[in-house]
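Q: Generate the whole structure from the sequences, applying the supplied hints.
In this text, residue positions in the sequence shown follow this note's numbering: the first is -1, and each later residue adds one.
These are computed hints drawn from the structure, not numbers from a lab. Be aware that one or more of the hints could be misleading.
Said to hold, decoys possible - Listed next, with one range per pair, are the computed distances between beta-carbon atoms:
id	residue 1	residue 2	range
1	Ala75	Asp38	11 to 21 Å
2	Ala75	Ile30	15 to 25 Å
3	Arg59	Ala29	27 to 37 Å
Note that the coordinates shown come from a computational prediction; the quantities given were computed from them, not determined experimentally. Quick reminder that beta carbons are idealized off the backbone N, C-alpha and C, glycines included.
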Amino acid sequence: MIVAGTARDSNKHKAKKTRKECEVSSGALAAISDEALISDILRYADRRLRLLMTEYWSRYRTVCELLENFFRGLSEAK
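A: This is the structure in structure tokens:
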């Protein structure tokens, strides 16, 4: 590789270049609206609680009511 002049393009150098190309600074992330954030949280909670919903309906309903009250309190605090 040294004789051919390709040593500088070795895997180690390529890996560093690729890693730098893929890195994203936290400032480059787009701001998300409050409504979108709440929607994402609720979808996540719904996915995580599906088993609870099928096996323990009253417990699932209680958790959903608590989430609703929590987000209502957040919206009223604005």
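Q: Now, for every hint given, state plainly whether the structure supports it.
A: For each hint, the structure was consulted:
1. Ala75 - Asp38: 11 to 21 Å: holds (20 Å)
2. Ala75 - Ile30: 15 to 25 Å: Given range 15 to 25 Å: holds, Cβ gap about 19 Å.
3. Arg59 - Ala29: 27 to 37 Å: holds (34 Å)
When the structure is compared with the earlier hints, no violation turns up for any of them.
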